[in-house]
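Colleague: Kindly generate the complete structure, drawing on both the sequences and the hints.
Protein chains: 4
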Amino acid sequence: MPIEFTVDEHVARLAGRVREFVREVVVPEEQACDGVLHDGPEPLRRRLQQAARDAGVFAPHLRLDLRGQAVVFEAAGYSLLGPLALNIAAPDEGNMHLLAKVAGEDQRKRYLAPLEAGEIRSCFAMTEPAPGAGSDPRALSTTAARITGGWRIDGRKWFISGADGAAFAICMARTGGAPGDAGGATMFLVDAGNPGMKIVRNIATLDEGLFGGHSEIAFDGCEVGDEAVLGEVDRGFDYAQVRLGPARLTHCMRWLGIARRAQDVALDRAASRSAFGRPLEELGMVQQLIADSEIDIEAARALLWRACWELDQGRPGAQHTSIAKTFVAEAVHRVVDRAVQICGALGISADAPLSRLYREVRPFRIYDGPSETHRWAIARRASKARAAVR
Amino acid sequence: MPIEFTVDEHVARLAGRVREFVREVVVPEEQACDGVLHDGPEPLRRRLQQAARDAGVFAPHLRLDLRGQAVVFEAAGYSLLGPLALNIAAPDEGNMHLLAKVAGEDQRKRYLAPLEAGEIRSCFAMTEPAPGAGSDPRALSTTAARITGGWRIDGRKWFISGADGAAFAICMARTGGAPGDAGGATMFLVDAGNPGMKIVRNIATLDEGLFGGHSEIAFDGCEVGDEAVLGEVDRGFDYAQVRLGPARLTHCMRWLGIARRAQDVALDRAASRSAFGRPLEELGMVQQLIADSEIDIEAARALLWRACWELDQGRPGAQHTSIAKTFVAEAVHRVVDRAVQICGALGISADAPLSRLYREVRPFRIYDGPSETHRWAIARRASKARAAVR
Amino acid sequence: MPIEFTVDEHVARLAGRVREFVREVVVPEEQACDGVLHDGPEPLRRRLQQAARDAGVFAPHLRLDLRGQAVVFEAAGYSLLGPLALNIAAPDEGNMHLLAKVAGEDQRKRYLAPLEAGEIRSCFAMTEPAPGAGSDPRALSTTAARITGGWRIDGRKWFISGADGAAFAICMARTGGAPGDAGGATMFLVDAGNPGMKIVRNIATLDEGLFGGHSEIAFDGCEVGDEAVLGEVDRGFDYAQVRLGPARLTHCMRWLGIARRAQDVALDRAASRSAFGRPLEELGMVQQLIADSEIDIEAARALLWRACWELDQGRPGAQHTSIAKTFVAEAVHRVVDRAVQICGALGISADAPLSRLYREVRPFRIYDGPSETHRWAIARRASKARAAVR
Amino acid sequence: MPIEFTVDEHVARLAGRVREFVREVVVPEEQACDGVLHDGPEPLRRRLQQAARDAGVFAPHLRLDLRGQAVVFEAAGYSLLGPLALNIAAPDEGNMHLLAKVAGEDQRKRYLAPLEAGEIRSCFAMTEPAPGAGSDPRALSTTAARITGGWRIDGRKWFISGADGAAFAICMARTGGAPGDAGGATMFLVDAGNPGMKIVRNIATLDEGLFGGHSEIAFDGCEVGDEAVLGEVDRGFDYAQVRLGPARLTHCMRWLGIARRAQDVALDRAASRSAFGRPLEELGMVQQLIADSEIDIEAARALLWRACWELDQGRPGAQHTSIAKTFVAEAVHRVVDRAVQICGALGISADAPLSRLYREVRPFRIYDGPSETHRWAIARRASKARAAVR
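Residue numbers (UniProt numbering), protein chains in the order written: chain L, 1 to 390; chain P, 1 to 390; chain H, 1 to 390; chain V, 1 to 390.
Careful: at least some of the hints might be erroneous.
Said to hold, decoys possible - Here are the in silico distance ranges between beta carbons for each label pair:
#, chain 1, residue 1, chain 2, residue 2, range
1, V, Gln241, P, Glu119, 29 to 37 Å
2, V, Pro2, P, Asp154, 45 to 53 Å
3, L, Gly16, H, Arg63, 32 to 40 Å
4, P, Ala385, V, Gln241, 18 to 26 Å
5, P, Asp154, L, Pro28, 44 to 52 Å
6, P, Gln31, V, Pro2, 47 to 55 Å
7, V, Gly180, H, Gly56, 48 to 56 Å
8, L, Gln50, H, Gly183, 57 to 65 Å
9, V, Pro43, P, Gly16, 27 to 35 Å
10, V, Pro43, H, Thr148, 57 to 65 Å
These are calculated hints, taken from the structure and not from any lab test.
Computed from a prediction, not measured in an experiment: that's the story for all the values here.
Think of the CB as a built atom: it goes at the ideal place given N, C-alpha and C, for glycine as much as any other residue.
Modeller: Okay, structure coming up:
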């Protein structure tokens, strides 16, 4: 089979439907969630997801490989609300992937099924305040101690997206070893309402999550039964990899949609607004901004597809995933930044979606491994690969 | 007199006092204005300004040339609240400069004196929605028509900073010619409460002004007397230049303080936080971020001082002002962006001041002439200068 | 057919053989052509091409589509002499492509066959000194006037690569219209030795062509018969497009090989050289340089493959070709620049191949359309595409 | 004394004369040294220096502080031959500075006087092949062993600029300690013709030195008398600092002249050459290149002047010197690169001086400490400075 950039016909058709759905249904809802949501975000989510079901675009990830997801998720990402509507937003989408791979029968019924159906939301509780698990997951400090018939979890997590309102958390805790060790982690399914799990606060961040942003959570003598163990004891770090690789890429897919949206807003503005007697789109410096963003978007997409293909083939794909993540996060930021510049005062006002997108994309260079950590890993792998053939 | 970078002793002493005042008094107040101000921002302003008076650092601009201001304003800009405390924040500081140069005796008593004393605030109403006065001021569309004993102003302004709560506006309106003409503008002093001047809305923007951000204002049959004319009729564009040149530079001074603050926050974090077994400040990629920011800050300061010197000498200084404004706005943004990256998740959370600074600095590349307009002007002047010696 | 990055097995095998051939046979010859070639470059070319024949890797382009060429040409480009050895160097490779598409039976026998066999070399005479055909081909000023039984060509060409020693030139001349017109150009096959075609000088350039660099050629009453017309009269601009699209991409393929070579040289150095007590490859700033080059190489390759696929499908592909050309030319430059930096003094000395590569790659951002022209075209196409769906 | 950018009148007058001399006398000679110099470079040097004496601009550094040198050297650097003509080229200029500070009476007569008069040339032999003294001078491996009445030097040096034809070398050798130690180095004055000092080869480099480029020198049982010791035994590292600080800055001054020259060549081209119906200088993307170079030049000059001022005040100045060196070397490279791009094919041909300048400036980011080493030092000093006030 040769190098091939054709998109499968059924994927192309689905992506086309998603594009139309986002443009016709989701984008008009955006203003709502920028202002005050008098009935909270939950009704908005239910309304959007029902519309997606009606349009036949709900939960498309369940029947697509990563390359197919790349095309469809980018289309959905064109609005910040798109992934929510299609039930492919983080962290639920990554959790579904993880549960589908690791959960037992009962757990699938109880957690995965309603999650796929959009009946509940979830969160993934791994990151801890310093000196706990951050860019180095092995620093995991939260502990799960054996008690009769179950476990008692103690520790603190933060920057846990979507925790506020989630029906359950997947909590990573140390069942063996000490902070710094490469093994000994276990994942637990903890139900909201467990008296030992408390949301301490919602951390205000540059990006405005729709659902209370990113929470700090205290696990304080949080007792769970044996049936709460996800997969096997002590295999938590392995499962984290199962989740993280594809989750990085699905993040990139959604971000790419944001970049395309920003570029379109900028192109519209450049066509309609004049300066010094000519439309902006005919001014050389504006053309340079536009062209650089086109190049960035194309390169981001090509690298992303490449990484998806690697994972779809069952190859390790760590190098391609790191490269794609680093480039896409930085390229998306550049594209939105250029769009803001082209739109001028409008670009930084809430009258256009750009300032919202701008706040949303800056953290991408930090989330899922900061660019520096990925560059370090990329360089090390390059050095090793070269040493192997020297 | 040779090239000289010594700071005058009295300026150095004053800057030292300002630095201490900001560190001891202003920075601790920052949390207050990030959260809810139950009694509104005005009490905060009065409290801070009284503290500045007590510390002997209030309104220092009245006794400094631009080079002196460069040193002192940078020290004040270390906190977003610093310039407010010292009564050297935009737009009041620029308005004071303008009034001091152009206002008549009565106007000075009525507007300048209480402004200098911090008793009132003001705004500057020039920018208009498309197709009015934007990056091209000659597109001015608001009109002032002669009536008996005065003028009637009609038109719309937007992105008018500080309008909400201002005691008066300096409004630019066309008393002659048509949009596109290089002359025919006049400045008017319009009191808040004039029934013909209404704040339509406060435009939400990426940067969060303390006082309602940036307003849209409607002038609708707004009648003012002859004594409302600032300076002479039809000389508004000249006066705008009087205000704009130094105002661009004082903006840069305050921004530079922001950059220094961000860098210090990053340095503190890099010293206290470890990754992979070493403090961040010992990791090469972090050192590169730190070094690049040091270089940016030094270059920004040197270009700024140069432009200030040009204006202090009474030279035209347009080229040096454009160069300084363009470089400083972009450098400050890079410095804050790098600081965010060094601080990671903390950098994008409200637990550190960086995410607030980050939102604040992006618009600098657009305000006071977007980088592209300045580059266009810089290139044209360079071409002309070269042609002259060819 | 889904998105696919597998390389066809026969292509992969061929590329593997080329890689080995370049490493074992071609790289060791490099020193020879950096110093004085006492018997001139022609014997070197013949020796290398014979070795390529013996290794079964000669003239591989004749049996590969563009995607296959992308893989194989990159492998050949690992040495500046590689493409020469395989007979896929510019301008011959592009001329073969053009002749294969357009030449008549007799022309194929007389020009294409010996060219494919490596018996002769050729050149492509299109570019003219200002105000002639440069980045704007329509400025074509060289004329071909009808004479009995043929044409008389008058005009001047420059930067004609490989002219010195070429057996024939493909000369573009105006048979109709005037400079600035979009039509009226015809291609002529002019034999070396025609008394009306003279090499005026070889222009010294930053890149050192192996064969006299880039020549300036005078056509002065140069008479050719009707059989010298390539394809049809007045269709020269169409044929130029036939040649240019793929030629841009084959250039990119060879350049990419240069980038990979530079990166390998840098990786070897970073592994063997220490500073401050650690191998360079463990220093963060060096890792950043290495990682950025890996990212650049991967993105360049992905964009290039994409553009090749577009042309292989028979699509227009102008946008993807422009994007690939612009990105690859700039990325290759960055990669070589970083490699020079990593290698330090060695990097700028002739003791390593980098300084030679460095000189070679700078012109890529100018040849085949400067980056600015491509960006202008990319922006215009983006604006049009957006307008179509608005 | 306030911040001041006025250039002293006598410096301004001198710089004016230098500018005129370079334009009228030196630039016309440039073509000569790009081609074959049938009588070698030495006659050219003597001719140019006599012309400089006649014009009253010879050896101006002897009567200027660093700020004055900054202005005059930049004027001289406008041509690559300018510093040679004025006898302020590296390495002679740095050696004169060192000798003036450290040499004894006899040494001054014998070495300094004829050097200042332009009668002889010299070289500075410090850098060694790996694992010797490179970016880390303490790795010094060349030894000087005590013999009766003098010393015997053994070791190998390379990248020694101007060695070919120099009347003497200042050789740094270890008289105590072992490679890696921070002390124990001594400087020796070694006459050309000493049978123990041999030029092994001239290393071909990207930049083409006028005098045989950069040599590799073998010290093989090289015997010198006690009078050959420069300053005191074991103080070589101190003296190296005496030489290096100002030498870095004088390098920057000359480079800045190169940048200004490149920008002028580009401005001339942009004024005279048209594309798409308009002069290049009116195209937005070209204007951006021009403006960015103006900004770079102004920032480079401001940082350079600042560092000069620090040293002129007798302050340590290491941070400002590092910042200036790093920024200037990179900015100069960008300026020349942009000029090449603006000039297109002409820019990479020897028909314009740019390709020569381009080759010349790349090594600046490596010479006198690579950018990475300076950034490391800048970051460390910034961290320390912050820790001190924390």
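Colleague: None of the hints should be skipped; say for each whether it holds.
Modeller: The hints, checked one at a time:
1. Gln241/V x Glu119/P: 29 to 37 Å: violated, 58 Å
2. Pro2/V x Asp154/P: 45 to 53 Å: Given range 45 to 53 Å: holds, Cβ gap about 47 Å.
3. Gly16/L x Arg63/H: 32 to 40 Å: Cβ of glycine 16/L to Cβ of arginine 63/H: about 38 Å, so the range 32 to 40 Å holds.
4. Ala385/P x Gln241/V: 18 to 26 Å: violated, 40 Å
5. Asp154/P x Pro28/L: 44 to 52 Å: violated, 34 Å
6. Gln31/P x Pro2/V: 47 to 55 Å: At roughly 38 Å between Cβ atoms, proline 2/V and glutamine 31/P fall outside 47 to 55 Å, so the hint is violated.
7. Gly180/V x Gly56/H: 48 to 56 Å: Holds - the Cβ-Cβ distance for glycine 180/V and glycine 56/H, about 53 Å, lies within 48 to 56 Å.
8. Gln50/L x Gly183/H: 57 to 65 Å: Between glutamine 50/L and glycine 183/H, where Cβ atoms are some 59 Å apart, the hint holds.
9. Pro43/V x Gly16/P: 27 to 35 Å: For glycine 16/P against proline 43/V, whose Cβ atoms are near 60 Å apart, the range 27 to 35 Å is violated.
10. Pro43/V x Thr148/H: 57 to 65 Å: The hinted range 57 to 65 Å holds for proline 43/V and threonine 148/H, with Cβ atoms some 58 Å apart.
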